[in-house]
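Chemist: Residue numbers (our numbering), protein chains in the order written: chain X, 16 to 224; chain S, 3 to 282.
Hints are supplied without guarantee of correctness; some may be wrong.
[Said to hold, decoys possible] If the Cβ cut is set under 8 Å, some of the chain S residues that face chain X in the computed set are:
#: 1; residue: H159
#: 2; residue: V161
#: 3; residue: K192
#: 4; residue: E196
#: 5; residue: S214
#: 6; residue: V215
[Unchecked claim] So the derived list for chain S, only partly shown, Cβ under 7 Å to chain X, looks like this:
#: 7; residue: A87
#: 8; residue: T152
#: 9; residue: A154
#: 10; residue: N195
#: 11; residue: G198
#: 12; residue: L209
#: 13; residue: L210
#: 14; residue: L211
#: 15; residue: S213
#: 16; residue: E229
#: 17; residue: N266
[Claimed, not checked] Derived Cβ-Cβ restraints for the label pairs, each shown as a range:
#: 18; chain 1: X; residue 1: A66; chain 2: S; residue 2: A246; range: 53 to 61 Å
#: 19; chain 1: X; residue 1: E68; chain 2: S; residue 2: P108; range: 54 to 62 Å
#: 20; chain 1: S; residue 1: A239; chain 2: X; residue 2: T212; range: 19 to 27 Å
#: 21; chain 1: X; residue 1: R83; chain 2: S; residue 2: P270; range: 44 to 52 Å
#: 22; chain 1: X; residue 1: S115; chain 2: S; residue 2: S90; range: 19 to 27 Å
#: 23; chain 1: X; residue 1: D79; chain 2: S; residue 2: S90; range: 21 to 29 Å
#: 24; chain 1: S; residue 1: Q88; chain 2: X; residue 2: S115; range: 18 to 26 Å
#: 25; chain 1: X; residue 1: S78; chain 2: S; residue 2: P270; range: 39 to 47 Å
#: 26; chain 1: X; residue 1: T212; chain 2: S; residue 2: N180; range: 22 to 30 Å
#: 27; chain 1: X; residue 1: S96; chain 2: S; residue 2: S123; range: 44 to 52 Å
#: 28; chain 1: S; residue 1: R178; chain 2: X; residue 2: A220; range: 28 to 36 Å
#: 29; chain 1: S; residue 1: W179; chain 2: X; residue 2: E104; range: 33 to 41 Å
#: 30; chain 1: S; residue 1: A246; chain 2: X; residue 2: D79; range: 23 to 31 Å
#: 31; chain 1: X; residue 1: D79; chain 2: S; residue 2: P108; range: 30 to 38 Å
None of these hints come from the bench; they were simulated from the model. Glycine included, each C-beta is placed from N, C-alpha and C at the ideal position.
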Amino acid sequence: MIPRYQRIVFWSLVGCILLMAAFMLRGCQQAHKRLTALNNATPLAAPTTAATEEVTLYVASDSDGAIRPVRSQVSLPQDPSLRARALLENLLTQYSQPDSAHPLQSGAAVDDVFLLENESRSGSDGTILVSLRGAFADSHPSGIEVEQLTLDSIIGTLHAAFPDFGKVRFLVDGQARATLSGHAGLDHPYALVDTSTRGTAPSEAAAQP
Amino acid sequence: MRGPHLSDLKTPQTVTRTCDLISTLTILLLTAGGALSAQTPAAPQPSAGSNAVEHTAPAPPKPPPAFYRNLIVLDPAHGGPDSGAQLSSSAAEKDVTLSFAQKLRPALAAQGFTVMSTRDSDPSDELTTDVRAGIANHVRPLACVILHATAAGSGIHIVTSTLTEPDSKSVSHAPRWNEAQETAIGMSIKLANEIGLSLQENHIPVLLLRSSVPPIDNLICPAVAVEVAPMQSTGKATPASDSAYQQRIATSVSAGIASFRTHNAPAPASVPAARAGASQ
Numbered sequence: 016m017i018p019r020y021q022r023i024v025f026w027s028l029v030g031c032i033l034l035m036a037a038f039m040l041r042g043c044q045q046a047h048k049r050l051t052a053l054n055n056a057t058p059l060a061a062p063t064t065a066a067t068e069e070v071t072l073y074v075a076s077d078s079d080g081a082i083r084p085v086r087s088q089v090s091l092p093q094d095p096s097l098r099a100r101a102l103l104e105n106l107l108t109q110y111s112q113p114d115s116a117h118p119l120q121s122g123a124a125v126d127d128v129f130l131l132e133n134e135s136r137s138g139s140d141g142t143i144l145v146s147l148r149g150a151f152a153d154s155h156p157s158g159i160e161v162e163q164l165t166l167d168s169i170i171g172t173l174h175a176a177f178p179d180f181g182k183v184r185f186l187v188d189g190q191a192r193a194t195l196s197g198h199a200g201l202d203h204p205y206a207l208v209d210t211s212t213r214g215t216a217p218s219e220a221a222a223q224p
Numbered sequence: 003m004r005g006p007h008l009s010d011l012k013t014p015q016t017v018t019r020t021c022d023l024i025s026t027l028t029i030l031l032l033t034a035g036g037a038l039s040a041q042t043p044a045a046p047q048p049s050a051g052s053n054a055v056e057h058t059a060p061a062p063p064k065p066p067p068a069f070y071r072n073l074i075v076l077d078p079a080h081g082g083p084d085s086g087a088q089l090s091s092s093a094a095e096k097d098v099t100l101s102f103a104q105k106l107r108p109a110l111a112a113q114g115f116t117v118m119s120t121r122d123s124d125p126s127d128e129l130t131t132d133v134r135a136g137i138a139n140h141v142r143p144l145a146c147v148i149l150h151a152t153a154a155g156s157g158i159h160i161v162t163s164t165l166t167e168p169d170s171k172s173v174s175h176a177p178r179w180n181e182a183q184e185t186a187i188g189m190s191i192k193l194a195n196e197i198g199l200s201l202q203e204n205h206i207p208v209l210l211l212r213s214s215v216p217p218i219d220n221l222i223c224p225a226v227a228v229e230v231a232p233m234q235s236t237g238k239a240t241p242a243s244d245s246a247y248q249q250r251i252a253t254s255v256s257a258g259i260a261s262f263r264t265h266n267a268p269a270p271a272s273v274p275a276a277r278a279g280a281s282q
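Chain X extracted, bound-state conformation (with noise of 0.2 Å):
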């Protein structure tokens, strides 16, 4: 037989366990809200909008040798790097597309974009830096062709886009590299210009001396 008083220290303590497990629930879910709220308001980025809007990408391709300006609705940031990164990832992803005119493999395509300004002068004279992933150009079809209408793409791309900058220059994995896959050369700067062209026909009076 349990003494009488042994019974209510028993379910005193009992009674105490529960509370202090109600009391240490309640405690950290508090806590678990506190710091959620802190990580939400914490500004670790500057705010952006990535408001849809209307550009011109100039899409490649291989059968005719053409570049073609297309106009697409993108989403993309504020910033002007993120935003010329985001720019061509957009056209390099519609190249991986199974009905692509100059198809290329999936994945990301590019490192990093870096837009240097030259403020000493005035006019167009500011370099895009542009670092493509070294996987990107490795599994890149090899030709003449091929590789330099990639180039161009990017070229017209990045114009239309970055209107007061006047050269690009490419880099792998942030190194210089001669070619991209083997053919169309990298070793130099290319101008930002229009390159929506189509493939040229040879001509009786090109050929005139």
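Start from chain X and add chain S according to the hints.
Modeler: Just chain S now, kept in the frame of chain X:
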């Protein structure tokens, strides 16, 4: 101690260089007969009535001609450890360009050209594009033809440099190595059109492109890169490695280069006159 012997000096490398030098001189001598000195006027010949002092005076050295109108340099791209593009499971670009060069050489010879190639086999070491450009620039050919092959696109891609002709102010300066093609770009575009028209006559699809494919920017001669892509016809694709397809292209390209020579570097008018005088 013994003095140095000739056998000591003739290392294999020395012999190879000597052979290279002899072969280059032979080519120059062979092509000297057809040399066109359009930009370098011929040295004046002594007249029949000149006095003895003029006869004994040493003749000034004749300046070298601007280019040799019968000499073509072929550059089969890649080679050695650089295989280029993998066109199929069994065909590497370096082998296709070499086999195409071996078909183009006799086709050009049939048009009266002397052909020099930057490589005639698959070398063990990589031949850099700077070395290839140096070989071509030293012999001053009428044209340089860089050969490539690809599995992308269709037909033949004839590529000229992206450089533009220099403005008149900078003509007096020697061109820089990476912009050496500037002075010849006008002629290169004419050459590309001549080859393109010849290919079109043989019903081979052609596309003219501009690209800075090494070593085209370093060449001082009229230069084009000919890229052979598969030919699509009625759902059937002929690969770039196809021998009959390459032969058709070689015939057309050689005819185009011959047409370029006829239009832009005609035989000197003095040659028929001299022959006529000799026959009289």
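Chemist: Now tell me, hint by hint, if it's right for this structure.
Modeler: Now for the hints, and whether the structure bears them out:
1. At its closest, the beta carbon of S:H159 sits 5 Å from a beta carbon of chain X; the interface hint therefore holds under the 8 Å criterion.
2. Using the Cβ-Cβ criterion of 8 Å, the hint placing S:V161 at the interface with chain X is satisfied: the shortest such distance is roughly 5 Å.
3. For S:K192, the shortest C-beta to C-beta distance to chain X is roughly 6 Å, which falls under 8 Å, so the interface hint holds.
4. Proximity of S:E196 to chain X holds as hinted, the smallest CB-CB distance being about 5 Å (cut-off 8 Å).
5. The restraint placing S:S214 at the interface with chain X holds, with a minimum CB-CB distance near 4 Å, inside the 8 Å limit.
6. Given hint, S:V215 at the interface with chain X, holds; its Cβ is 5 Å from that chain's nearest Cβ, closer than 8 Å.
7. Of the supplied interface hints, the one on S:A87 holds, with its beta-carbon coming within about 3 Å of a beta-carbon of chain X, less than 7 Å.
8. Here the hint on S:T152 is kept, as its CB sits about 3 Å from the closest CB of chain X, short of 7 Å.
9. Checking S:A154 against chain X by beta carbon gives a least distance of about 4 Å; that is within 7 Å, so the hint holds.
10. For S:N195, the shortest C-beta to C-beta distance to chain X is roughly 4 Å, which falls under 7 Å, so the interface hint holds.
11. Given the 7 Å rule on beta carbons, the hint for S:G198 holds: about 3 Å separates it from the nearest Cβ of chain X.
12. Given the 7 Å rule on beta carbons, the hint for S:L209 holds: about 4 Å separates it from the nearest Cβ of chain X.
13. For S:L210, the interface hint holds, the least distance from its beta-carbon to any beta-carbon of chain X being 4 Å, beneath 7 Å.
14. About 6 Å separates the beta-carbon of S:L211 from the nearest beta-carbon of chain X, less than 7 Å, and the hint is met.
15. Look at S:S213: its Cβ gets to within about 4 Å of chain X, closer than 7 Å, so that hint holds up.
16. Taking 7 Å as the C-beta cut-off, the interface hint given for S:E229 holds, the closest approach to chain X being about 5 Å.
17. Interface restraint check: S:N266 against chain X, minimum CB-CB distance 5 Å, threshold 7 Å, status holds.
18. In this structure, X:A66 and S:A246 meet the distance hint of 53 to 61 Å, their C-beta atoms being roughly 58 Å apart.
19. At roughly 59 Å, the beta-carbon separation of X:E68 and S:P108 lies within the given 54 to 62 Å, and the hint holds.
20. Between S:A239 and X:T212 the C-beta distance comes to about 26 Å, which sits within the given range of 19 to 27 Å.
21. Between X:R83 and S:P270, the C-beta spacing of about 48 Å keeps the proposed range 44 to 52 Å intact.
22. At roughly 21 Å, the beta-carbon separation of X:S115 and S:S90 lies within the given 19 to 27 Å, and the hint holds.
23. The hint said 21 to 29 Å for the Cβ distance between X:D79 and S:S90, and at roughly 24 Å that hint holds.
24. At about 21 Å, the CB distance of S:Q88 to X:S115 agrees with the hint of 18 to 26 Å.
25. Our hint of 39 to 47 Å for X:S78 and S:P270 holds, since their Cβ atoms are close to 45 Å apart.
26. At roughly 24 Å, the beta carbons of X:T212 and S:N180 sit within the given window of 22 to 30 Å.
27. A hinted range of 44 to 52 Å for the beta carbons of X:S96 and S:S123 is consistent with their spacing of about 49 Å.
28. Restraint check, S:R178 to X:A220: a C-beta distance of roughly 31 Å satisfies the suggested window 28 to 36 Å.
29. Distance hint check for S:W179 and X:E104: the Cβ-Cβ separation is about 36 Å, which falls inside the suggested range of 33 to 41 Å.
30. The hint said 23 to 31 Å for the Cβ distance between S:A246 and X:D79, and at roughly 25 Å that hint holds.
31. For the hinted restraint 30 to 38 Å between X:D79 and S:P108, the CB-CB distance of approximately 33 Å keeps it satisfied.
The structure fails none of the hints (numbered hints given earlier).
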